[in-house]
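K.L.:
Between the sequences and the hints, there should be enough to build the whole structure, so can you do that?
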Amino acid sequence: MTDMRTVFAEAASALLDEDPLAAVVLAEISADLFAKAAARHPERVLNVGIREQLMVSVAGGLALAGLRPIVHTYAPFLVERAFEQVKLDLAHQGARAVLVSIGASYDATRGGRTHQAPEDVALIDALPGFTVQVPGHPDEVRRLLRGAVGVLDSGSTYLRLSAQANREALPLWPGLQVVRSGREAVVVAVGPMLSPVLDAVGDLDVTVAYATTVRPFDGEGLRALAAAAAGTVVLVEPYLAGTSAHVVSEALAGRAHRLLSVGVPRAELRRYGQPADHDAVFGLDAAGIRRSVTGFVFADLT
Amino acid sequence: MSRTYAELPGLMTLMTGDEKHGPSATSTLDVLWVLYDRVLRTSPDRLDDPGRDRFLLSKGHGPAAYYAVLAAKGFIPESWLAGFGSADSRLGYHPDRNLVPGVEISSGSLGHGLPIGVGVAHGLIARGLTSPRVFVLVGDAELDEGSNSEAVVYAGAAGLPNLTVVAVDNQSSSWGWGAGGIEAHFAVAGWSVTRVDGRDHAELEAAFEASGDGRPRLVVATVEGES
Chain A
1 MTDMRTVFAE AASALLDEDP LAAVVLAEIS ADLFAKAAAR HPERVLNVGI
51 REQLMVSVAG GLALAGLRPI VHTYAPFLVE RAFEQVKLDL AHQGARAVLV
101 SIGASYDATR GGRTHQAPED VALIDALPGF TVQVPGHPDE VRRLLRGAVG
151 VLDSGSTYLR LSAQANREAL PLWPGLQVVR SGREAVVVAV GPMLSPVLDA
201 VGDLDVTVAY ATTVRPFDGE GLRALAAAAA GTVVLVEPYL AGTSAHVVSE
251 ALAGRAHRLL SVGVPRAELR RYGQPADHDA VFGLDAAGIR RSVTGFVFAD
301 LT
Chain B
1 MSRTYAELPG LMTLMTGDEK HGPSATSTLD VLWVLYDRVL RTSPDRLDDP
51 GRDRFLLSKG HGPAAYYAVL AAKGFIPESW LAGFGSADSR LGYHPDRNLV
101 PGVEISSGSL GHGLPIGVGV AHGLIARGLT SPRVFVLVGD AELDEGSNSE
151 AVVYAGAAGL PNLTVVAVDN QSSSWGWGAG GIEAHFAVAG WSVTRVDGRD
201 HAELEAAFEA SGDGRPRLVV ATVEGES
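As given, the protein sequences belong to chains A and B, one line each in that order. Using our numbering, you'd call the opening residue of the first sequence number 1 and step up by one each time. Using our numbering, you'd call the opening residue of the second sequence number 1 and step up by one each time.
Just so you know, the hints here were simulated from the structure itself, not pulled from any lab data. Some clues are possibly wrong.
[What the hints assert, rightly or not] DEER-style ranges, computed between Cβ atoms: (1) Gly180(B) <-> Arg110(A): 54 to 62 angstroms; (2) Ala206(B) <-> Pro42(A): 29 to 37 angstroms; (3) Trp173(A) <-> Ser86(B): 55 to 63 angstroms; (4) Glu224(B) <-> Leu127(A): 56 to 64 angstroms; (5) Arg40(A) <-> Gly85(B): 24 to 32 angstroms; (6) Asp49(B) <-> Pro216(A): 33 to 41 angstroms; (7) Glu250(A) <-> Val188(B): 35 to 43 angstroms; (8) Trp173(A) <-> Asn98(B): 45 to 53 angstroms; (9) Asp153(A) <-> Thr4(B): 36 to 44 angstroms; (10) Asp153(A) <-> His94(B): 23 to 31 angstroms; (11) Gly74(B) <-> Gly66(A): 46 to 54 angstroms; (12) Trp173(A) <-> Gly180(B): 58 to 66 angstroms.
[Unchecked claim] So these bits of chain B aren't anywhere near chain A, every CB distance computed over 12 angstroms: (13) Arg97; (14) Gly111; (15) Ala121; (16) Ser149; (17) Ala184.
[As the list claims (entries may be wrong)] Derived lysine to aspartate or glutamate pairs resembling DMTMM-like cross-links, with alpha carbons at most 25 angstroms apart: (18) Lys87(A) <-> Glu145(B); (19) Lys87(A) <-> Glu209(B); (20) Lys87(A) <-> Asp144(B).
Positions of the beta carbon are idealized from the N, C-alpha and C atoms, including for glycine.
P.N.:
In C-alpha cells form, the structure reads like this:
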C-alpha cells in the first residue's frame with residue numbers, strides 16, 4: 001500500500017500541473033518526493049531549507065500575491081515551531097493555505113518526543129477558521145487534498161497525514177458516517193482509529209461513526225446519533241484526548257448526555273519501540289479501546 | 001487632494017490617542033514619505049491591481065507616521081486620524097490590513113514582514129509579474145528576531161530581484177550588529193546593500209531606485225537614536 005505521504009506528493013504534483021496558481025512550500029522534509037514537480041515548476045515549488053518559520057510566512061506571502069499554497073513538513077515543525085506564523089501570517093492576515101503534516105501523534109515512536117505532536121489539532125483548533133481533515137487511509141488523501149485546495153477561497157485547511165491507516169478506505173463525506181448501528185452508545189472514530197474501534201466494539205451494541213472532517217465538527221449528525229444511542233458518546237481521537245470534547249459538548253448542550261474522550265494522554269512516555277507499543281500503553285489499541293468502552297458504557301458487564 | 005511633506009506633522013497631531021510608541025513613529029516618517037511620494041507605483045485606485053508595488057510595514061509599532069502618509073496620499077480619509085486607537089477606529093496601534101485600505105500586511109509582532117515579503121516576491125514572479133517591487137520596512141532592533149535571519153539568508157541565495165528591505169536604523173538594538181553594521185549581515189548573504197541618511201529625501205530616493213543587479217536590495221536608513 002502506498003503511504004499517505006507518497007499519495008499526497010503525487011496529488012499535490014498533479015495540482016501543480018493543473019493549476020497555475022497552486023504552489024508547494026517545503027522545509028527540506030519530503031523535498032525528494034517533489035523533485036520532478038520542482039523541475040517542472042521551479043517558481044511554484046519552494047524548498048526554503050530547514051526554516052519552518054520562513055516556510056509558513058512565505059506561504060502567507062504567496063497567498064497575498066494570489067497563489068494557493070500547500071505547506072508541508074513534519075507535524076511538530078509545521079504546527080508547533082511555527083505556530084505564531086500560522087496564527088499571524090496566515091489566519092490574522094486573512095491569507096489562506098493548506099497545511100499538510102506527517103508524523104501525526106507518534107508515527108516516529110523511535111524518534112522520541114521531538115518528532116511527536118499529539119497536540120497539533122488542539123493548537124490549530126485554537127485558531128479561527130481552520131478546517132481540519134484527518135484521513136484514515138491513503139486512498140482518502142487525494143480527495144481531501146483537492147477539496148482543501150478547492151475551498152481555499154473560503155478558508156485554510158489542516159490536513160493531518162499519518163503512517164497509521166485503517167484496513168480500507170471509506171467513501172468520504174464531510175459529516176459523521178455511520179459504519180454500524182447500535183443502541184447503547186455512539187463511538188466516534190476519527191481517521192485511523194476506525195479499524196481499532198471496529199475491532200474493539202466487536203459484539204457490543206453500539207453505533208460506530210467515522211469522521212475525517214473534525215473541524216467543522218458534524219454537531220447535527222452527532223445529535224441525531226446520540227439521541228438514538230442513550231445520549232452516550234465515546235470520542236476516539238488519534239491525538240490529544242479531549243481535543244474535540246468541547247465541540248461535542250456544544251453539539252449536545254441542553255441535552256442529557258455522557259461523554260468519554262479517548263485519545264493520547266498528556267504524558268511523556270520516554271519509550272521508543274513501535275507505534276503499536278505506544279497504542280498499548282495509552283489504551284489506544286483494540287483491547288484498550290474495548291476496556292474504555294465497556295467500562296464507560298457497559299459498567300455492569302465489567 | 002494630496003498633501004505635502006510639511007503637512008504630515010499636522011496630520012500626526014490629529015492622532016490624539018494615547019500613542020505609546022512616539023519616537024519610533026517619527027523615525028520612519030521620511031522613509032515613508034519618499035516611498036509613497038516618489039517611489040511606489042501604487043495609489044488608492046490600484047488597491048487590487050496585481051501590478052502595483054507592495055509596501056509592507058513590518059515594524060508595525062508607532063504607525064502614526066504611516067497613517068499620516070496614507071491619509072496624505074488619499075488611501076484613508078483624514079477624518080479617520082482623530083479616532084486613532086479608539087473602539088470604533090480602523091486605526092490601531094498596530095495596523096491591520098483587513099481594516100485599513102492600502103495596508104498590505106497586518107503587523108505588530110516583530111519579525112514577520114520580511115519573511116512574508118519573501119513570499120510575496122516569490123508569488124509575483126510565479127505569476128509572471130516581474131515589474132512590481134516589494135518593499136519591506138524593518139527596524140534595526142526588529143532584526144534581533146531570528147525569523148529575519150531565516151529570510152535574509154534564503155532570499156540572498158534565492159536571489160529575489162524584486163525585493164527591497166529598508167532597515168530604519170535608530171541604533172535601538174541592545175546588542176547591535178557589530179562593526180560592519182546591519183548591512184554586513186545582508187552582504188554576506190548575497191544582498192546588494194547601501195546605507196544612507198534616513199532624513200535625506202534625495203539620498204533615500206536614489207537608494208530605492210538603484211539597481212540591485214538581480215539581487216535583493218537592502219537600504220539602511222540611518223536616523224538619530226532614541227534618547
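K.L.:
Indicate, hint by hint, whether the structure satisfies it.
P.N.:
Structure-based check of each hint:
Between Gly180(B) and Arg110(A) the beta carbons are some 45 angstroms apart, a value that contradicts the proposed interval 54 to 62 angstroms. Between Ala206(B) and Pro42(A) the Cβ separation comes to about 33 angstroms, which falls inside the hinted range of 29 to 37 angstroms. One distance hint, 55 to 63 angstroms for the beta-carbon pair Trp173(A) and Ser86(B), is violated here, with the actual separation near 47 angstroms. One distance hint, 56 to 64 angstroms for the beta-carbon pair Glu224(B) and Leu127(A), is violated here, with the actual separation near 40 angstroms.
For the pair Arg40(A) and Gly85(B), the supplied restraint of 24 to 32 angstroms is violated, since their beta-carbon distance comes to about 49 angstroms. Remark: the range hint 33 to 41 angstroms for Asp49(B) to Pro216(A) is upheld by a beta-carbon distance near 35 angstroms. Between Glu250(A) and Val188(B) the CB atoms are about 53 angstroms apart, so this pair departs from the stated range of 35 to 43 angstroms. As the Cβ distance of Trp173(A) to Asn98(B) is approximately 33 angstroms, the hint placing it in 45 to 53 angstroms is violated.
For Asp153(A) and Thr4(B), the Cβ-Cβ distance of about 41 angstroms falls inside the hinted range of 36 to 44 angstroms, so the restraint holds. Asp153(A) and His94(B) have their C-beta atoms about 27 angstroms apart, which keeps the hinted 23 to 31 angstroms range intact. The given range of 46 to 54 angstroms is broken by Gly74(B) and Gly66(A), whose C-beta atoms sit roughly 24 angstroms from each other. Against the hinted window of 58 to 66 angstroms, the Cβ-Cβ separation of Trp173(A) and Gly180(B) comes to about 60 angstroms, which satisfies the hint.
Not every CB of chain A lies more than 12 angstroms from the CB of Arg97(B), the least distance being 6 angstroms, so the non-interface label is violated. Consistency note on Gly111(B): stated as away from chain A, yet its beta-carbon is not over 12 angstroms from all of that chain's, at 8 angstroms minimum. Not every C-beta of chain A lies more than 12 angstroms from that of Ala121(B), the closest at about 7 angstroms, which undercuts listing it as non-interface. In this structure Ser149(B) is not separated from chain A by more than 12 angstroms, as the shortest Cβ-Cβ distance comes to only about 9 angstroms.
The non-interface label for Ala184(B) is consistent with chain A: the shortest C-beta to C-beta separation is roughly 21 angstroms, beyond 12 angstroms. Using a Cα cut-off of 25 angstroms, the hinted pair Lys87(A) and Glu145(B) holds, with the two alpha carbons roughly 17 angstroms apart. Between Lys87(A) and Glu209(B), the direct Cα distance comes to roughly 34 angstroms. Violation of the 25 angstroms bound is thereby established for this hinted pair. For the hint pairing Lys87(A) with Asp144(B), the CA-to-CA distance comes to about 21 angstroms; that is within 25 angstroms, so the pair holds.
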